[in-house]
Structures are given as structure tokens and as C-alpha cells.
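Please work from the sequences and hints to get the whole structure.
Residue numbers (full-length UniProt numbering), protein chains in the order written: chain A, 1 to 692; chain B, 1 to 692.
Hint data in this document are derived by calculation from the structure and do not stem from the laboratory.
Treat the hints loosely; a few may be bogus.
For chains that are exact copies, the list does not tell them apart, and a pair is met inside one copy or across any two.
Claimed, not checked - As a list, the in silico DSSO-like pairs of lysine-lysine whose alpha-carbon atoms are at most 27 Å apart:
hint: 1; residue 1: Lys327; residue 2: Lys47
hint: 2; residue 1: Lys462; residue 2: Lys425
hint: 3; residue 1: Lys320; residue 2: Lys69
hint: 4; residue 1: Lys69; residue 2: Lys425
hint: 5; residue 1: Lys99; residue 2: Lys320
hint: 6; residue 1: Lys320; residue 2: Lys281
hint: 7; residue 1: Lys462; residue 2: Lys168
hint: 8; residue 1: Lys387; residue 2: Lys327
hint: 9; residue 1: Lys304; residue 2: Lys628
hint: 10; residue 1: Lys396; residue 2: Lys289
hint: 11; residue 1: Lys320; residue 2: Lys462
hint: 12; residue 1: Lys320; residue 2: Lys97
On a predicted model such as this, the values are computed, not experimentally measured, just so you know.
Number of protein chains: 2
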Amino acid sequence: MVFFGQIYGQSLKSPNGNLEMEFSLSQAGEPTYLLNFKQQNVIKSSKLGFQIKNDSISLKDAFVVVDTKESSFDQSWVPVWGEVNSIRNHYNELLVKLKQQGTQREINIRFRLFDDGLGFRYEFPEQDHLIYFVIAEELTEFAMTGDHTAFWLPGDYDTQEYNYTKSKLSEIRGKMDSAITPISSQTPFSPTGVQTSLMLTTREGLYINLHEAALINYSTMHLNLDDKTMVFQSWLTPDANGDKGHVQAPFNTPWRTVIVSDDARDILDSKITLNLNEPSKIENTDWIKPMKYIGVWWELITGKSSWAYTNDFPSIQLGKTDYSSAKPNGTHGANTAHVKSYIDFAAEHGFDGVLVEGWNQGWEDWYGNSKDYVFDFVSSYPDFDVKEIQEYAKQKGVEMIMHHETSGSIRNYERHMDAAYQFMKDHGYNSVKSGYVGDILPRGEYHYSQWVVNHYQYALEKAAEYEIMINAHEAVRPTGISRTYPNLIANESARGTEYQAFGGSKANHVTVLPFTRLIGGPMDYTPGIFEMDISKLNPNNNSHVNSTIANQLALYLTMYSPLQMAADLPENYMRFPEAFQFIKDVAIDWDESIYLEAEPGEYVTVARKAKGTSDWFIGNVNGYDSRKTSLKLDFLEPGETYTARIYEDAKDAHYKENPQAINIRSVQVKKNSKLKLRSAPGGGFAISIIKN
Amino acid sequence: MVFFGQIYGQSLKSPNGNLEMEFSLSQAGEPTYLLNFKQQNVIKSSKLGFQIKNDSISLKDAFVVVDTKESSFDQSWVPVWGEVNSIRNHYNELLVKLKQQGTQREINIRFRLFDDGLGFRYEFPEQDHLIYFVIAEELTEFAMTGDHTAFWLPGDYDTQEYNYTKSKLSEIRGKMDSAITPISSQTPFSPTGVQTSLMLTTREGLYINLHEAALINYSTMHLNLDDKTMVFQSWLTPDANGDKGHVQAPFNTPWRTVIVSDDARDILDSKITLNLNEPSKIENTDWIKPMKYIGVWWELITGKSSWAYTNDFPSIQLGKTDYSSAKPNGTHGANTAHVKSYIDFAAEHGFDGVLVEGWNQGWEDWYGNSKDYVFDFVSSYPDFDVKEIQEYAKQKGVEMIMHHETSGSIRNYERHMDAAYQFMKDHGYNSVKSGYVGDILPRGEYHYSQWVVNHYQYALEKAAEYEIMINAHEAVRPTGISRTYPNLIANESARGTEYQAFGGSKANHVTVLPFTRLIGGPMDYTPGIFEMDISKLNPNNNSHVNSTIANQLALYLTMYSPLQMAADLPENYMRFPEAFQFIKDVAIDWDESIYLEAEPGEYVTVARKAKGTSDWFIGNVNGYDSRKTSLKLDFLEPGETYTARIYEDAKDAHYKENPQAINIRSVQVKKNSKLKLRSAPGGGFAISIIKN
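Structure (C-alpha cells):
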């Protein structure tokens, strides 16, 4: 097929025919693609290519098609953990082999068209005329068909910890300044720059999600909008020299993904991002296990207690500062007795693990000074007895979770990594929460530049060698790599619950995250806050948690993760033992997941069947408007009866005015029973359905 | 003492009174110093201080003197290896404690005045008002008293591998462009910027050397000349952000040194640089031993053979490229059989070690592409049998010397360092030649920036843990750190013999190096070239070695190093067995060293007594003009007779026209015997004096 203004054109349909894409070469030899959903245009003709540094001839035109190959793929695979116990990977593929006239340089573009979206990547085969090159910019376009509504974060080289802004594309520029709130490390880059995964809705009722998959050894992609033409162009994260990527052929870029449907639930249900990653490279995965945990954490975040052990020193030089003679400040959270009380609580209530932050030397002076040797990851404070805690936890059947804050000093972390991981194995820690707060060292690099992306991957692969699970905070947002390295059990990489103690997040924040941040992989969102008035924990902190208790419970379902924290203080859970029961009961690994209702910014309702059981759990989070719904339980087994325990907002519940008002009741249900439920503003509901 | 225009002044004399310095505060509270030698001004009043980034108040004025302390020190210490078996550390010290009015910030300046020079450094004590800061520039001045003659290298953030230019200070600007010759990684920064150690001579007959000592966790200092006032100011090496250093108090800067005398020999004899470093931090130093070695190296440098194993691949991706099926290129130097022949030669002629470059995978594609994962330091080529070579060398009593070329990719080296060092220990390697050819990764950093200086130190300290000796090439020039870490047995860090195969070096180059590069520590200069016509080794290489054979022999004395190579090919040594005998005989560790004659750019003559023996060795290197001398052997033991074997330039010898013409003769000598000798242009002589 060759269309007007083109010298080449070839189309491809998805297995069920709903999606159709077309690859074309323009008269100038520019590669382009477009995408339709049910005959409706989703992505207009969009250019593909690269600007090469110090090269007068860009990799964007003068191409001819050397060869094309179409193929189909349909296989299912079993994830180590996940929302479902089997994932179907079903697509039609078009591989286009291009050669640039004159330069003889070769690029292949591989398109995979699924029923729920498109993935494509650039492949640079081994060749003589293009081996090493430096990317000045990737020129991939996503041409929108109109002035869509977007749920966007300011494009930033260092952070995604913003609230989402919902606006028309044409309004992004005007709202950018107010969208950029202060964060410990941040580098916004353009008045129309936004992050992926980007969620869009159209006037015609389409849901479109733009993201990437398999970000390995490449710069993180942002999107920059031409708000006259409504064309997004890829905007890679630069390195210290301002360059956007170093490539050595043979090389494949990450996949660029467009998930699309006329039903918002399909966006949440899509497995494109995982499917575009390679199968697991870890052979024995027995040691990778979902975990529910508590920790010495919320008391630190709220300012009730401190990471630091002493107030004696104006600054710390590890190995020179003598902690043994320092005066304890009396607020240090990670002390042995206190940690033991957490272990007791975990054992009593069936939690798998206990996280402890602030256990290691250096917290008096860890942030904001571009400090290189900030932590050594093995030296504990005088009041944290690693051995004693190890033995106590083991005796109680609880696993300790390690904490490695790097303060962005990644060379220092890599230098200590082997010793740190070995220390973990020697002391019974099988998982680590790592952190990258603050500006990156080496200086001039960003959290999302190729150099640093490469570091996260290095840490992940080395952890796999030690059989260690990783939960990386402030790292790059995930792109489905947990298929290949299932020891990446979670990330933060978005605005998590901690911001509820830093002034609060939008009450509908959690109705957006599943459409954006969670597209790439699970988030350690740390839900389960019952006391919304933070001044009750720390009189100097007037922050308010914009959420009801029912909403907090629902998060264990709507924010899918194999790692789930019960983040609040034990004493707060003891004040609400009935509500707490749900956190104790809810599963963390699943055979089946059904998105029952979804609308970004408004609500998400999901039902999940606990792995290896007949038990179901349902969660709903709700946005700013109170909402009534009726759920038909058509997924239950016929002929069986169940006890449904319902945790719902009380009539007068409200995320701000009355967040702790919750009704808890039990009803008997069976297949096709209907449940009438109401969610308050910033509220929701959680339901456990246990077979009788 | 308070002088005109000052609010404070204090002077200090060296132990013998020859040197006198004065510290003053100007009316504006600016700290300054000046230095006199035998009542003659050497350094005019020169300012001290710092420009701090993002700080309107610089650390350069508004100071008051809070306290001063004078003290004396006189102790001797025993180096693990060296030019002498005992080093006297004798100085008077003035510590000035300053406080800045308004900011309350404290700086101490510590001056140590030796009989042969001055060292001073800035010390930032622990304090509340100055903890972390970023240096925009160090403002240390060295105000010259006139338009001196300098032996200078272009100031450069990445290399010192230039020929020296001798000129008046006022001529530097005009000669800079031609002084900057192409080098694999180079970043000159100013038309009047020069490197240290800088050697100067004055019209009045003074010899002045400016350098630094104990460069640890700080940016390398260059000097920028104001060629109107003849004031040098420190110019630190920036990082990727253009910043010149990150400091956390308490912190001491490196020492800034001024060595001065009216006798050039005193410059060479000075131990200031070592004395200003800390005593050894390595307790057991039994494993640190001087070495004389040969290697598969000159054949690579000259292009006679290759580092690379194959010509099959357009580029290499370690772990993916399959060498086992690659076609050998037939020129690979580091093959087992060839290496064994070197081991045989070493064993036969009494060399301690054999270096082999190009033994590990990756050399087909190692340079110039900012390649991150360039080598793994443990995977050998198919034709290099590590085990077999290990056993063969052991059986022959020869030690193998490891080679780690990093290609400037220092993160990659650090990631592999533990495995690489362990691999060495597992395979009988106790020393490593490391290399840093090409631009540094992380990108934006320089060979001499704080980040990378920190890396060299990391490698050195980690090597010490493994009991490994380091000989680092293309690293920062040394600053006496080998006192503290005597496993730093050598560096390159200047224009070495390799350039004789890259077009040649100036014939008087080696008469300058002892006054400049060697002030900081030993150089792996790799002398001993007998075949000066490189086209005899490789018909495609027309380079000429600008040196006579006698000059080459003398280098084993004049270029002091505990690590000495016999760099030429075994077959070339076999053509000159008599001359080769000197290389076999010459010692590499010394009880005593006497500089008999010296003039930078003209000649250096040194006599050294071999450690634990009564044998002496003398070497002379000569510049462009032929020269006659008469040496009085007044250092020999009275009443003893010696056989002196003299290796001198033949009458018609000349570095260019007749470099191989050498006379070798023996004479009987005793104390106070005189030897009449003549050195050809680019020539010299070498003498062994063995007690009968």
C-alpha cells in the first residue's frame, strides 16, 4: 500500500482487529506510523527517528525500506507474583528494516500490535556504518488527534513526586508553574514537558496511555508537547554533558507504548508493559515472595521520632565521628527495644516483615550537601543491636527488611554494595528498601539519565546474585522490568503516602496512580493510615491525610503490589481493631483480578481472587465526589456461599471533615449477589469475601 | 611585627635560617605570605583564600588572627623503598588561626618551613558556621619576583603528556598554542595556564619549584599566570558542573609547596613532598618490593604486534561477542607461547617480572567511544592461558605483572575491581599497571578533578587490602602519597618513553623530568631502548628515539623509581649484550643518593649506593649540547678498591645521527678518583662501581 505523499506504506492489525497501525515512509524517506482503534484515529501520522550529536545527517529521513517481516505470537507465561497467575502475550508483529541512502546506516523498527495497544522500538543491528553514536534527541512523535484531557506530572529529570494535574493539553503551559511544587531534587525542563506514563482521555471517549517498557541502559523518556499541533515528541533525560544517550550497536531501545481502549478498565488490565519485557533471567525464584510488612517509618516521616541518633555533631564523617561517646538525642526510632516491640506486633498480627529506617550511622548529616561518603550500609548505631534483633526476629518468625538510603550518592553505594548485600545475608535480611533522596552524585547526572538508570539495573542484578529483593524509592519509574528481574518487587517513583505527612496529597491522587505510575509496575505506596490528623503524632506537624479509613483499606487492592505496608503506628491500629482486621486479612498475591469500574481521577474498583484460595477481595477508591454503586458479584463460584465483610465509609465520612467514620458489616453473598455501596469524597470501600 | 599596610605580621625561619617566611594580614584582613631565601625575595607578598560558590562573602578577607602557634619538628623515618634509607623531616611550623569577621568562619593556615622550602595548607576545623561548601576557586597566589625562566607544560585538566617548553614567563602566552600537541584526552584551559610541578630559574641564580603534596580528596591544582604582574594563582580542576571542589569540614587541603635553592641539586634532593605526606598507613609492608621487569609492551607501542586478538568484529560487547569462534589476526602479542619466551628471557637475565598488555578481551574496541563496559579485567583471550602462564612463570621464578586498562571508564573499573584484584591474587599477580587512556567516564569529569582523584585513591587503598602494588598510568601526577601508601610504586603521568615511538620527544626531556614530574614520586618511564629506528621494528612507523644508548642506561639512575622496565625487545638486547649488562646489573633500591651535577634542561648526574651493598651506580643524562665533566668519587669508602664499568657515548654519538655508538670500558677506582667523561647531545653515561 502506498498512499498520497508516501513512497511506502504497510499496515498491521491486532489479533482481534480492533487496533490497526500503519507504517509509512514519506516522500522524503521519513519513517512514520499512525494508530487507529475501531476505525477511529488514536495517533495521527507521527515521525520516528533520531538527532545524532555532531552529525549533519540525522537518522530521520532519506530512508528506504530494505525488508519487512510480519509475524504473530501467542503464548502465556506464569509470573512469579502478580495480579493474575497467567499472562497471555498475544500480538501481531511488523519488523521494518530501513537503510539510509547515502550513509548506508541501518535501523530496524519493530512494531508489536496487541488488542489493547501498540509497542514499538528502534533496533540498531550490527553494521559497519553505525556503531557508536551519541543521541542529541530521540525524535519519536505521538501526534494527538485533538486537545485531549491529560492527567500529567511536570516533566522532570529527577522526580515524579508531584500531584497530578488534570487539564486539557492546551492548558498545560498555563498550569505548569503551579504544578511544580518543591521537592528535594527536581529539574523541570520545559513549560509543556510531561512525564510518562501519561494518561489521556478524549472527547470521543477514548482512553490513551503513553509510556515505555524495558528501560535498560538508555535515558528515561519524557514527552514534550507542541501545544499548537498537539504533537508530543520524546524528550530524553540528558547526562552531565547535555547528551541524551550513548549507543553502541547492536542495540535495542526501550519500547514506546500506546495503550488504548474505549473502556478505562482495559488500561488498568493491560499487560503490554510486562509482555514487552524479556522473560525472567532469574532461574530459581523460590526466594522471591510477596510480603506484608510494618516498620519504624511513619513515626519518622511524621517527625514523631528521628532517624538520627544524636544531636551532638555539626556534621558526620563516617569512621572519624565517634558515636560511642555521643549523647543519644532521646528521639531515635531505630533502637533495639522499640524495634523489638514492632517485631512483637508483626508476629502477633501476622505480618511477614519489619522495616527499620535510621538504623545505620550517618543520619545526622545525610542530605542536601552533595556528600559522597554518606553511609556505609553496615555500621549500626550504638542502640541498634543487629545480632540481637536478628535473633529476636527469627525466634518470632518475622523477617527484617533492610534499608539502604543512598542520598543519591550512587558511586558510594556501588562501592559498598557487595559488603552491604553480604551484610544483609549474614544478618537474615532478604529484601531491601533503597532510597535515592536528593541530587545525584556523580554531579551533573540526573535520577533519570542513562548513567543512573544503568545503576538501578546494576543494583537489581547484583541483588539477584545475592537472592535479595529490591524496593527502590526515588529511582526511575518502572517499565515492566520486574518480568525479567522479579526481585524488583516494588518501587516508589511517584508521590507516595509520605506526602500526606508533608502537607497532603490530592484526595483523588490514588484514582490516578493506577492509570499512570502503576502501568510500569508495583508501587510501595505504604497505605493503611488510620490517624489522619498528624498533629496527634507530632504536635509540630499539622499535615492532614486526605483520605478516609475505608479508602486506606481499599488501597491494598487498588494499588496492586506484592509488597504492602501497614504504614501507621501500632497504637493507631489498636484503636481501630475492626478496621485493622482487613489489613491483616487481605491477600498480597493473586490468581485473578477483575477491574469492575474505573475512571481516572474519579474511581477505581477492582476484585481480586487470592492466590490458591476461593477468597475474593474488593477495593474501591473514590475521588472528590461522593458516589453510589451497585456491584454484581458475578465472578463468584456458582452454588457456593460466602461471607462478605464490608468496610465502607460512614454516611457522613469525608476525607477532610470526617475521615475516620467507617461502617463495618458482614453479609452473606453468592454468585450474582448485588452489593449497594457508597463512597465518600476521598473515600471508598474494601470487602473481603470468604467462602463459607 | 606589624608592617606598613598590615594589621598583623609574623615571620618564621627555617632550621638553618636560610629560608624566612612571613605571614601577614593586610588592612582589609586579607591573609598573605612571602618567602625569602638567604635574604633574597623568592615569593612576593601573595594572597591566600577561597572564592566560595553562591556566597557573596568570599573566604579571602575580613579575617582577624585568633591565635598563632610556633613549633619545631625533627624526626627521621625509614621509607619502604627509596633513594635513601632514611629521610629526615625537619621543619619549623607556624599555625595561624583566622576568623572571618561577620561570618565567624574559621580557617587555619599551617606553614612548615624546611631548609629547602616551604609547605602550607589550609585547614578547616570543625565549626558551626562553615561545614559544607563548594569551591568556586582557590585563590592561593605565588607572586614571582620577575620574569623568570620556566620549564612548563600547558595547563590541562586531563593530561601531562606534553613536551616541556622552556621560556620566560612573559613568553608563555605566545608559545601556548604550539605547546599543545594532540593527545588522546586533553582539556587545556587558559593561554597562561601551566601545570605543577613547575620548575623556574631566576636571573639571580635561584631555582624554584612549585607543586603540591598529599593531594587527597581535592581537585588537582594548576597555576594560571597573570603575565603582567607575574603572579601565579591556583586554578583547580573543575567537575562536571564547573565546580572546583566539594569540602566538608573538618578538612585539610593538600600542601602547596615552594622548593627553593641557589643550587639546582637541592631541588632534586628535596624530600619536602614526601615529608608533607602522612606516615605509611600500611602496617605490614613486606609484600611491597622494588621490581625490574620486561614486558610484551614495546612491540605493541611500536605497532609491531597488536593488543587485539582478532579483526573480525566491528565492535565488541563483552559477554556477547563470541571470541571462541573468531579468527585470530595473527599479530596478537599476548599469546601464551610468546609470553613464555618473555618469561624465559626474564629468568635467564634476572628480571623480577613480566608485564603483558592485551591479554584480556575487549582490545578490538576499547578507545574513543566513551564506552562504559569496556573491559572486565578477568576474561582472557583464547590464546592467553592464564593458568599455564601462571605455572610456567612460577616454575621459572618470575612474577607476572597484571595490566588493567580502564579506558577512562572508572565506574566500570570500580565495579569490577574486587573481582579483578582477587583474580590477580588467585593467579600469582602481585602488582598491576593500570591505565586511564581517553576521556573519563562519568562524562564531564576530568582526569584531575576531585571525583577522579578520589578514584585513584580508592583503587590504591583497595589494592593495599589485597596486598597489590600499583603503577598507574594517565592518572594524576603524584604528590608524595607513596609515603602513606608505599604500594603506589610508580606512576606515568607525564610524557614517557612511548612517545619516542609516537614521533619522538625532545632530546633534553629527561633532564627536565627529575625537576618536575619526579618531585611528586617515581615514574614508570620505561627506559632501555637500544634500537632507535622504530621502522626496524615496524616498517610503517618512522619514529625515532631521540636518545643514545648511554642515555638510555643512565635513565635507570636519573629517573628514580623502584619499578624499572627494560622496555626494548629481547632481540634488541641480544644485539648489544655488553650494554645490556648494565641494565641487568643496576640496582633498584638505594641506601644513599648524591646528586653530583644538575641543571634543568641541560644535565643531571646522580650517584646512588645500592641498598645493603657497597656498590655504587652513576648515571648522567645530557641535553642538546655535548658536555665534558670530571667526576670526583669522594663518596667511596676510603681504603677500598672498586671496578668501575663505564658506559659512555662514543665520540661521534648523537641522539639523532648516531644513537647507538657507545664505548664500554672498565677502570679501577678508589675514593677521590676522578673520572673524565663526555656526554653527546641527547646522550649521557652510566657507571657501575663494584667493590673488589
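Cross-check of the supplied hints:
1. Lys327 <-> Lys47: neither (63 Å within a copy, 42 Å between copies)
2. Lys462 <-> Lys425: both (13 Å within a copy, 23 Å between copies)
3. Lys320 <-> Lys69: The answer is between: 25 Å across copies meets 27 Å, while 63 Å in one copy does not.
4. Lys69 <-> Lys425: neither (48 Å within a copy, 52 Å between copies)
5. Lys99 <-> Lys320: between (60 Å within a copy, 25 Å between copies)
6. Lys320 <-> Lys281: Between copies only: 15 Å across, 42 Å inside.
7. Lys462 <-> Lys168: neither (43 Å within a copy, 56 Å between copies)
8. Lys387 <-> Lys327: Within one copy only: 23 Å inside, 56 Å across.
9. Lys304 <-> Lys628: The answer is neither: 38 Å in one copy and 84 Å across copies each exceed 27 Å.
10. Lys396 <-> Lys289: Within one copy only: 19 Å inside a chain, 54 Å across chains, cut-off 27 Å.
11. Lys320 <-> Lys462: between (29 Å within a copy, 19 Å between copies)
12. Lys320 <-> Lys97: between (60 Å within a copy, 23 Å between copies)
Hints 1, 4, 7 and 9, counting from the list given before, are not met by this structure.
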